[in-house]
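The lines below spell out each chain.
2 protein chains.
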Amino acid sequence: MSERVLVSQLQSREDGPVSVSGWVETVRDQKKVQFVILRDETGAVQLVNPATRPDPEGGEQDAGALALTTLISEMSTGTFLTVTGDLKHDERVKLGGVEIKIANLEVAAAALPETPIAADSGLDKRMDWRFLDLRQRRNNLIFRVQTTLEHAMRSYWIERDYIEIHSPKLMASASESNAELFEVPYFEDKTAYLAQSPQFFKQMAQSAGFGKIFEIGDVYRADPSFTSRHATEFTSIDAEISWIDSHEDVAAMQEELLRTAIQAVADKHGAEIKELFGLDVVVPAVPFPRIPLAEAREIVTARGYEIPRTDGDLDPEGERQISAHVLETYGHEFVFITDYHPEIRAFYHMRDPETGLTKSYDLLYKGVEITTGAQREHRVDVLEVQAREKGLDPEHLAFYFDFFRYGAPPHGGFGMGLARVLMLLLGESSIREVTYLFRGPTRLAP
Amino acid sequence: MSERVLVSQLQSREDGPVSVSGWVETVRDQKKVQFVILRDETGAVQLVNPATRPDPEGGEQDAGALALTTLISEMSTGTFLTVTGDLKHDERVKLGGVEIKIANLEVAAAALPETPIAADSGLDKRMDWRFLDLRQRRNNLIFRVQTTLEHAMRSYWIERDYIEIHSPKLMASASESNAELFEVPYFEDKTAYLAQSPQFFKQMAQSAGFGKIFEIGDVYRADPSFTSRHATEFTSIDAEISWIDSHEDVAAMQEELLRTAIQAVADKHGAEIKELFGLDVVVPAVPFPRIPLAEAREIVTARGYEIPRTDGDLDPEGERQISAHVLETYGHEFVFITDYHPEIRAFYHMRDPETGLTKSYDLLYKGVEITTGAQREHRVDVLEVQAREKGLDPEHLAFYFDFFRYGAPPHGGFGMGLARVLMLLLGESSIREVTYLFRGPTRLAP
Chain A
1 MSERVLVSQL QSREDGPVSV SGWVETVRDQ KKVQFVILRD ETGAVQLVNP ATRPDPEGGE
61 QDAGALALTT LISEMSTGTF LTVTGDLKHD ERVKLGGVEI KIANLEVAAA ALPETPIAAD
121 SGLDKRMDWR FLDLRQRRNN LIFRVQTTLE HAMRSYWIER DYIEIHSPKL MASASESNAE
181 LFEVPYFEDK TAYLAQSPQF FKQMAQSAGF GKIFEIGDVY RADPSFTSRH ATEFTSIDAE
241 ISWIDSHEDV AAMQEELLRT AIQAVADKHG AEIKELFGLD VVVPAVPFPR IPLAEAREIV
301 TARGYEIPRT DGDLDPEGER QISAHVLETY GHEFVFITDY HPEIRAFYHM RDPETGLTKS
361 YDLLYKGVEI TTGAQREHRV DVLEVQAREK GLDPEHLAFY FDFFRYGAPP HGGFGMGLAR
421 VLMLLLGESS IREVTYLFRG PTRLAP
Chain B
1 MSERVLVSQL QSREDGPVSV SGWVETVRDQ KKVQFVILRD ETGAVQLVNP ATRPDPEGGE
61 QDAGALALTT LISEMSTGTF LTVTGDLKHD ERVKLGGVEI KIANLEVAAA ALPETPIAAD
121 SGLDKRMDWR FLDLRQRRNN LIFRVQTTLE HAMRSYWIER DYIEIHSPKL MASASESNAE
181 LFEVPYFEDK TAYLAQSPQF FKQMAQSAGF GKIFEIGDVY RADPSFTSRH ATEFTSIDAE
241 ISWIDSHEDV AAMQEELLRT AIQAVADKHG AEIKELFGLD VVVPAVPFPR IPLAEAREIV
301 TARGYEIPRT DGDLDPEGER QISAHVLETY GHEFVFITDY HPEIRAFYHM RDPETGLTKS
361 YDLLYKGVEI TTGAQREHRV DVLEVQAREK GLDPEHLAFY FDFFRYGAPP HGGFGMGLAR
421 VLMLLLGESS IREVTYLFRG PTRLAP
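Protein chains in written order, with the numbering used here: chain A, 1 to 446; chain B, 1 to 446.
Some hints here could point you the wrong way.
Heads up, the list lumps identical chains together, so a pair's fine if it works in one copy or across two of them.
Cross-link-like lysine-lysine pairs, in silico, DSS-like; alpha carbons within 30 Å at most [said to hold, decoys possible]:
(1) Lys101 with Lys88
(2) Lys212 with Lys94
(3) Lys212 with Lys125
(4) Lys212 with Lys268
(5) Lys190 with Lys125
(6) Lys88 with Lys212
(7) Lys274 with Lys212
(8) Lys101 with Lys212
(9) Lys88 with Lys268
No lab work stands behind these hints: they were computed from the structure. All values reported here derive from a predicted model rather than from experimental measurement.
Start from the sequences, fold in the hints, and give me the full structure.
Here's what the structure looks like:
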């Protein structure tokens, strides 16, 4: 393993013997010379072999050279192999200005000759063969961007003494609503439910005196919808902090977090994103614009779009409209929509005693909601009233109310969908494209 | 929020007005003076109030002072509050050499007067009231250690260009064995299964050309056992790397990873761990000792312990014995046990053609298994034979075999239980103590 050289290291390496490992992207099998484009996780390089074809006259030939030529001729795209050979810098080689003359070629695992998908296959077909689809440079980049984005967020939090938690996803009752809940038969004829969010348990950390916490983990929604933004399992980015004055403290943390994380992506992958996705990563300025929901609705209406929803919330087109307005007016891709009515918010959102509206926000990015954030109601008597107002069964929530009976600090937080952020950051059309293995109502494999 | 001062910052702060927030750990309500110990996520500080008691003679008194005294007298342990007052350095104060004279006290949420658990309550009782249990300094430290450990591991990987993945936990078939599998009724009368490990999907990343990947995420085992080391849901630390020569390359990565992560814990929390857990964090030297299983069995037998298992593997006492031997002989807390027979290993472990044994290891830490690592079989024809040998249904594994039909690199990796590492690192007796909210056959709440 120690001898392997990554393709990205070849250009800065001197001419001479070298060993590379990767898979076959293309083979050009010409009569006198064979070219193989080999790709690894860092790039692609041209391998070259002067072909030795069987002499029709039956003259004496190098058996090894004949065998190598045949091996390359018959080699399928996707075959994984290790090649040792002679590295040579040559300006005429378009691919990185280097090539390797093959001395030895060892196949690790040969691919079947027919590749079931092509780069332009439909999304569903590509998802059937996701492991092949992910070999594309664009797709590989998506997950390197994901890695950088997450690490930058975790580093931001850890530098500020946040504690990382892993809350359980098997629960005795619903975490958000009784709809869209996956049930799991459990021991002793009990039923467990898959967590729809870490909401209750990240609040528990506040009563536990943890102060500031974060979690990046999977959550589950038995959501039958087929939109480009919904999945039955997705990675949720969550944070919760104590001793806030309002949801504004949460928003201020989140915008700084996103600025830092997107800056890290721009620094590390900006050029490659430009090349492969054709867009510039815009690092957002802070503070992000804030618009109260009522005002946002007026702006959208003034733009000529009549919001069909009657509950006072924005619909997806309304979200696109208000984001377009913000981009035109403030040159900003993000906007916090604030001051939601309690009717369209979770029971645990704290309400402003003056306005009666919740101390909460949605965060839109390029026209799509990526977050709900709020100050939580930590006064258990108020919390119980609000739960009853929503028609929730206090008995099912007894364990949650307990979290606040033995003291609790004022606190708040947000949950953010990782795939949505990635989709929007990279200008993709669906979270399916940026999820390692998407799960939806009709998609459970591979 | 900006005005809040953390308790840990008080000592280095000049005397004068200050505001702190936290919860009441104790109240000493003396006739002439009241003391409150307030704790926040960073430490504890003494608050002091000269008591103003009602004048039995009915003389004129400061109503505010009277009210404050009464408030403190009636205050329950656990109540969360914000206090502003006058910080004063005073060597005579044992707790940090500072105290705050209360000027204003604002209760955020009062605690019920009877705290249901004490620090010395039984484990099960403490788990019922985990949010109170976690207020203990030791327990808070556990999760700060967890945070540091994980971040050090992720940083190690990211500095080496690993990609972080989030593999789905809803699967169409078992990931490890058909036993201990949670079933989830899914859409269209389908059944999903909760992933027992990310095994298949982290291998998929190898066929996808990702090169090196890691994942820290929850996995599920419908395991009816009640040992100190088992849970129905736990956080698994997984890595998988391409182009290895053998499992030795995986072991070399894992030992370096652990050395780095434990070093980070020792640096950041060593003194506090010593204080609260009474032990020294030992940063392991690399390489860790390696002992083939057959030799390990001989050593254990020579120590006078007869292993009852007949399948050739070590049992828990055998693991403790060989670890004791390694500690005595090499002064090392870790040991890789290698060369397991295929009968006691998963079908996907690669076998050494010379010995017939698997190219795999278990890693023991202080006498407990924390990891299985292996080179995987990437040649699909061999893999299918090995699966059939184990009596597995090739049809259920068809999607997995596909990962290797279109080319695959030699690869391997490991899975490691986060809670086991934490338990052993801190000398705790059960993973229940180091899991945020434990899940077991009879434990699904809170």
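Verification of the supplied hints:
1. Lys101 with Lys88: within (8 Å within a copy, 77 Å between copies)
2. Lys212 with Lys94: between (52 Å within a copy, 28 Å between copies)
3. Lys212 with Lys125: between (43 Å within a copy, 26 Å between copies)
4. Lys212 with Lys268: Both: 28 Å inside a copy, 18 Å across copies.
5. Lys190 with Lys125: between (39 Å within a copy, 21 Å between copies)
6. Lys88 with Lys212: between (54 Å within a copy, 27 Å between copies)
7. Lys274 with Lys212: between (36 Å within a copy, 24 Å between copies)
8. Lys101 with Lys212: between (56 Å within a copy, 27 Å between copies)
9. Lys88 with Lys268: Within one copy, since 29 Å is at most 30 Å while 48 Å is not.
The structure shown violates none of the earlier numbered hints.
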